[in-house]
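Going line by line, the protein sequences match chains A and B. When we follow this note's numbering, the leftmost residue of the first sequence carries the number 1, and every step to the right adds one. When we follow this note's numbering, the leftmost residue of the second sequence carries the number 1, and every step to the right adds one.
Hints may be right or wrong, so weigh each one.
Since the list gives no way to pick out one identical chain from another, each pair is judged satisfied if it fits inside one copy or across any two copies.
[Unchecked claim] In silico EDC-like cross-links for lysine to aspartate or glutamate, where the CA-CA straight-line distance does not exceed 16 Å: (1) K69 <-> D103; (2) K84 <-> D103; (3) K84 <-> E96; (4) K69 <-> E86; (5) K84 <-> E60; (6) K84 <-> E68; (7) K84 <-> E62; (8) K84 <-> E63; (9) K69 <-> E56; (10) K69 <-> D47; (11) K69 <-> E96.
Derived by calculation from the structure, the hints in this document are not laboratory data.
Protein chains: 2
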Amino acid sequence: MDCGDHHPVCRRYQSAAELLGRRWSLAVIRVALDGPARFGQFRSSVDGLSARLLAERLRELEEVGVFEKTQVGPRTFEYRLTPKGEALARVISELETWANSWD
Amino acid sequence: MDCGDHHPVCRRYQSAAELLGRRWSLAVIRVALDGPARFGQFRSSVDGLSARLLAERLRELEEVGVFEKTQVGPRTFEYRLTPKGEALARVISELETWANSWD
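Construct the complete structure from the given sequences, taking the supplied hints into account.
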């Protein structure tokens, strides 16, 4: 007895959902939509974001090609969205709309 | 020395990002967009989804008003998206587009 057609969630969607479904990913990407950011800027823009998890998310998002890292000082790096990362703006924007429409 | 304006991520966005940024949330919501689903249907539609985490996600998503649960048999429940949950279709759809456009 079934109550509808449920397609298996496709592999590509599932990978994307796993990437964005890691703690703080969606917040970190949101910050970078305002422009290239340094480690401290991510931390001061996101309440409660720990240095350890931020470093983890930045590394992962760089590995999958959402961020690129540029050295801008002896020990300073800047993170900016790649075109692949910028394409997430539409997802983020719909999520903002949703967040502002529903309590 | 700054490299751009970084607004603090607003509280409402951050709550939404935390909700969808829990493991499997985005996959579980994707399944329910096909129609009301039972526990086993979620599990068979999402590769690797454990019973424990599915139960956790369903409970949380019900608590925040994204899902509603209906009893359809002695020990069988069906989960369907509320209007608030259905409004996430636009987020999911943009994520699908992104997942299909970028490797």
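Results for each hint:
1. For the identical chains of this complex, K69 and D103 are neighbours neither inside a copy (36 Å) nor across copies (19 Å), given an alpha-carbon limit of 16 Å.
2. For the identical chains of this complex, K84 and D103 are inter-copy neighbours only, at 9 Å across copies versus 31 Å inside a copy, given an alpha-carbon limit of 16 Å.
3. Proximity of K84 to E96 under the C-alpha cut-off of 16 Å is restricted to the inter-copy arrangement: shortest distance 14 Å between copies versus 19 Å within a copy.
4. For the identical chains of this complex, K69 and E86 are intra-copy neighbours only, at 15 Å inside a copy versus 37 Å across copies, given an alpha-carbon limit of 16 Å.
5. Taking identical chains as interchangeable, the C-alpha atoms of K84 and E60 lie at most 16 Å apart only when both belong to the same chain, with a minimum of 14 Å there against 31 Å between chains.
6. Taking identical chains as interchangeable, the C-alpha atoms of K84 and E68 lie at most 16 Å apart only when both belong to the same chain, with a minimum of 10 Å there against 35 Å between chains.
7. In the homo-oligomer, the alpha carbons of K84 and E62 lie at most 16 Å apart inside one protomer (11 Å), although the nearest pairing across protomers, at 33 Å, exceeds that limit.
8. In this homomeric assembly, K84 and E63 come within 16 Å of each other (Cα to Cα) only inside a single copy, at 12 Å, whereas the closest approach across copies is 34 Å.
9. For the homomeric pair K69 and E56, the shortest alpha-carbon distance inside one copy (14 Å) is at most 16 Å, but the shortest distance between copies (36 Å) is not.
10. With identical chains, the CA atoms of K69 and D47 are never at most 16 Å apart, being 23 Å at best within one copy and 33 Å at best between copies.
11. Taking the closest pair of Cα atoms, K69 and E96 never come within 16 Å of each other, the shortest separation being 26 Å inside a single copy and 26 Å across copies.
In this structure, the earlier hints numbered 1, 10, 11 are contradicted, and the remaining ones agree with it.
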